[in-house]
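K.L.:
Protein chains in written order, with the numbering used here: chain A, 46 to 658; chain B, 9 to 253.
Because the hints were derived from the structure by calculation, they are not lab data. Treat the hints with care, since some could be wrong.
Stated by the list, open to error - No more than 25 angstroms apart at the CA atoms, straight line, and that leaves these computed lysine to any residue pairs for SDA-like:
{"id": "1", "chain 1": "B", "residue 1": "Lys91", "chain 2": "A", "residue 2": "Lys188"}
{"id": "2", "chain 1": "A", "residue 1": "Lys188", "chain 2": "A", "residue 2": "Glu141"}
{"id": "3", "chain 1": "B", "residue 1": "Lys91", "chain 2": "A", "residue 2": "Glu141"}
{"id": "4", "chain 1": "B", "residue 1": "Lys91", "chain 2": "A", "residue 2": "Pro472"}
{"id": "5", "chain 1": "A", "residue 1": "Lys273", "chain 2": "A", "residue 2": "Glu141"}
Remember, it's a predicted structure, so these values are computed and weren't measured experimentally.
Chain by chain, the residues:
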Amino acid sequence: MGRVLLVIRLALRDLRRRRAETALLMLTIVAATTTLTLGLVLRDAAAEPYQSTRAATRGPDVVAVSGRPAGLERLAGVSGVTGHSGPYPVLAGRVEASGRAADVQIQGRDATIAAVDQPRVRHGRWIGEGGVVLEAAFAAWLKVGAGDTVSLNGRPFTVAGVAVTAASPPHPRASCVVAAGCVHGAVPAGRDLPATLLRDPGLAWLTRADVRALAPDPGSLSYVMNLKLAHPDQAQAFADRHGGPGSHGGPGGADGAVSLQTWQGILADATELARDSQILLMTGAWLLGLLAVAGLSVLVGGRLADQSRRIGLLKAVGATPGLVAAVLLAGYLLPAVVASAAGLVIGTLTAPLLTEPSAGLVGAAGAAPPGWSTVALVTAAALGVAAVAATVPAVRGARSSTVSALADAPRPPRRTGGLIAFSARLPVPLLLALRLAARRPGRAVLGVAGVAVTVSGLYVLLVLHAFLDGRPGAEAYTAAQAGVLRHVLLVWTVILLCLAAVNALVLTWAMVLDNRHASALARALGATPREMTLALAAAQVLPALAGAVLGVFPGGWALFTAITVVTGGDGGSAPLPGPGRLLVLVGATVLAVAALTTVPAGLGARRPLTTTL
Amino acid sequence: MSLAAPPPVLSARGQRKEYGTGEGLVRAVDGVDLDVGAGETVAITGPSGCGKSTLLHLLGGLDRPSGGEVRLNGRRIDDLGEKALARVRRTEVAYVFQSFHLLEELTAVENVELPALLAGRSPRSARRRALDLLDRLGLAGRARHLPSALSGGQRQRVAVARALSNEPLAVLADEPTGNLDSAATADVLRLFAELRDAGQTLVIVTHDPRVAAAADRAFSMRDGVLAGESGPAGPACGRLAGAEG
Chain A
46 MGRVLLVIRL ALRDLRRRRA ETALLMLTIV AATTTLTLGL VLRDAAAEPY
96 QSTRAATRGP DVVAVSGRPA GLERLAGVSG VTGHSGPYPV LAGRVEASGR
146 AADVQIQGRD ATIAAVDQPR VRHGRWIGEG GVVLEAAFAA WLKVGAGDTV
196 SLNGRPFTVA GVAVTAASPP HPRASCVVAA GCVHGAVPAG RDLPATLLRD
246 PGLAWLTRAD VRALAPDPGS LSYVMNLKLA HPDQAQAFAD RHGGPGSHGG
296 PGGADGAVSL QTWQGILADA TELARDSQIL LMTGAWLLGL LAVAGLSVLV
346 GGRLADQSRR IGLLKAVGAT PGLVAAVLLA GYLLPAVVAS AAGLVIGTLT
396 APLLTEPSAG LVGAAGAAPP GWSTVALVTA AALGVAAVAA TVPAVRGARS
446 STVSALADAP RPPRRTGGLI AFSARLPVPL LLALRLAARR PGRAVLGVAG
496 VAVTVSGLYV LLVLHAFLDG RPGAEAYTAA QAGVLRHVLL VWTVILLCLA
546 AVNALVLTWA MVLDNRHASA LARALGATPR EMTLALAAAQ VLPALAGAVL
596 GVFPGGWALF TAITVVTGGD GGSAPLPGPG RLLVLVGATV LAVAALTTVP
646 AGLGARRPLT TTL
Chain B
9 MSLAAPPPVL SARGQRKEYG TGEGLVRAVD GVDLDVGAGE TVAITGPSGC
59 GKSTLLHLLG GLDRPSGGEV RLNGRRIDDL GEKALARVRR TEVAYVFQSF
109 HLLEELTAVE NVELPALLAG RSPRSARRRA LDLLDRLGLA GRARHLPSAL
159 SGGQRQRVAV ARALSNEPLA VLADEPTGNL DSAATADVLR LFAELRDAGQ
209 TLVIVTHDPR VAAAADRAFS MRDGVLAGES GPAGPACGRL AGAEG
């Protein structure tokens, strides 16, 4: 115990001594853990309103659809069914209101409260003769409310109220319960679909009598029945046993075949956007994790190089290599724990901002705190990032010779003969830049990797923004959903750019510190501060250029392909950036790195010579 | 005939360098006057911490004085900007350091040619000059060796060769034998004697009485002040601080 306390105390002292570095370390980990938390919390957060709605409306475990009521009535008596409502007639129709028109599935209901699926009226009242109730998200899209008039199949109805239900996902993902069939989202160009298919239909409730009166003939109706099961978790098994072909949400045919949709299926459809957001955020979390490792590796390497004398002192007074390694590692793991907690809090608080406004559901998204698994995963990720970055340098430091550590002997630089010979032909700033970069090839590789990861992310962001900006396929999302995804992309962009900027600064400062002796010597031999500033900045810009090019191809292309595969999306429907935009991306990246590195490079190049030499 | 005497290559007047303020004020160099003539070798001796190295840094523009002025070949350099000072260090003064300060990843010849490259010489002429210098200093066979493969004496000779790369007006050496064994010290002393014979102006800060003895003039420094000339008699262009020459 005493040893542990000693390790923590020494680590804390060191952290307090190096506040700026500790802040950078924590900032890096907070960025990665916030994104990871957002990704993990978002799915649960989005599911929360559906679960609330299901509880509040006595939502069905299975929704059965058929072309004839007889097939459905049989299900009411099947073993495992504990309650039901319906069958209710459903008619495919067209609604017009406020200058907008849409396809709609009109369900005939009783004025009394049903045993299963009790749509909760949010505004107005439940159905009556001549009054229609609209599903809340659909009503919001139509921009109508209680008291307004809408036209259903050309006949005027007063909107009695708007309600939410758990028997169907909110508009525009409403379950298809009409015999005509439905299509959701964008229709790929060149695909010839039947004209009778309903496109993104909404849901409306009328009295049974009104539905029958609207139907041109009884054969145009389909029927829906809501079932409660003894074991809701086994709804899919029930559906597999009792459903006909297409029992995963497709409409029942006119021949009496029954299709069944489980509540889990409805939940998945209701949270589809959240799933897409989650995939984006998890991809972002991975990118940020990689960036964090790259940034932390440099930070840790530079910091440990600066700590060699302290290591020597600890060893000189009797600390074992194990204890020294533990102290060094604790100096990174302790901030990582704090940063993961901060990331969890920020991610949890931000998650509701990234979920769709749930007009069609009860309750607010993201009210639930993250589960233990999320907490454990985020903490483990933070510790993992810190450990990956710090373990090798810490062990190397702990195993260094006490005498050389006390003498603060720097790690010998790498010699790259060909590059040194080549650089002799270049102007002084480039000569120095190439030689400085070549002294630590590992760090140059980290610089290339960091920029490549950032540019890969930016490439994907460009593609996704173009996708959401109404080009082919963008109709897959409503304006509100596209808005939510844009928020997700914005969060991703901001965090990615912040972390990339921090990395560029850290890399430059580490290079300045590591090369302070070589820089001072070059100045003592006649290099001007401006030449040295340019050299230190160029030593970052050259790897950045390589990283930016690699980040566009294969980096960005591969990342987008991976996201397309994971989401099951149609990558071909997204317009890829043209050569002009890619050139701008590469150029802007290089300029940004140059601008970011000039300040620390300038500070480094103006350090007093005599204190270094 | 002081009027006929050539102007000094290096001239310091009232050189001061102070650190800290109030009670913590330290006067590392306190009102030093010094003239070094062309082709002259001047040694500055004294205990550790007396301000020798600081004075050397001030003379070559590596550091800025708190007061006083420094002239190089008649031109005042203490008020120059960093860029102009870098040009001075590039072509007019050169340093030899106690711990050699060779870049570990560069071979001997690459280290020697570096100042020439920084001065804008072509790679070919910089390399030719570097190889020539190494040959003159007896290191032709070691030109492609990294510093880690050289002895202490050889490293210091490489450092001297580097200092001579741009044919400076003056070479300022800070404890050039401080890290060397006696054989290597003798080696470097021979080298400095050759440089002196070749007319190279040298200012050497040293603990080593043998180095001081080989100089045209040697000054003793104490508490930031040049306390007295202790070397062989020479042209009377060096002055004790506060004394008339």
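K.L.:
Each hint: holds or not?
P.N.:
Going through the hints against the structure:
1. A C-alpha spacing of about 69 angstroms is found between B/Lys91 and A/Lys188, which places the hinted pair above 25 angstroms, so the restraint is violated.
2. Note on A/Lys188 and A/Glu141: the hinted pairing holds, with a Cα-Cα distance of about 11 angstroms set against a maximum of 25 angstroms.
3. As the CA atoms of B/Lys91 and A/Glu141 are separated by approximately 77 angstroms, the hinted pair breaks the 25 angstroms bound.
4. Between the alpha carbons of B/Lys91 and A/Pro472 the distance comes to roughly 16 angstroms, so the proposed pair stays at or under 25 angstroms and holds.
5. Between the alpha carbons of A/Lys273 and A/Glu141 the distance comes to roughly 34 angstroms, so the proposed pair goes past 25 angstroms and is violated.
Hint check: violations occur at hints 1, 3 and 5; the rest are consistent with the structure.
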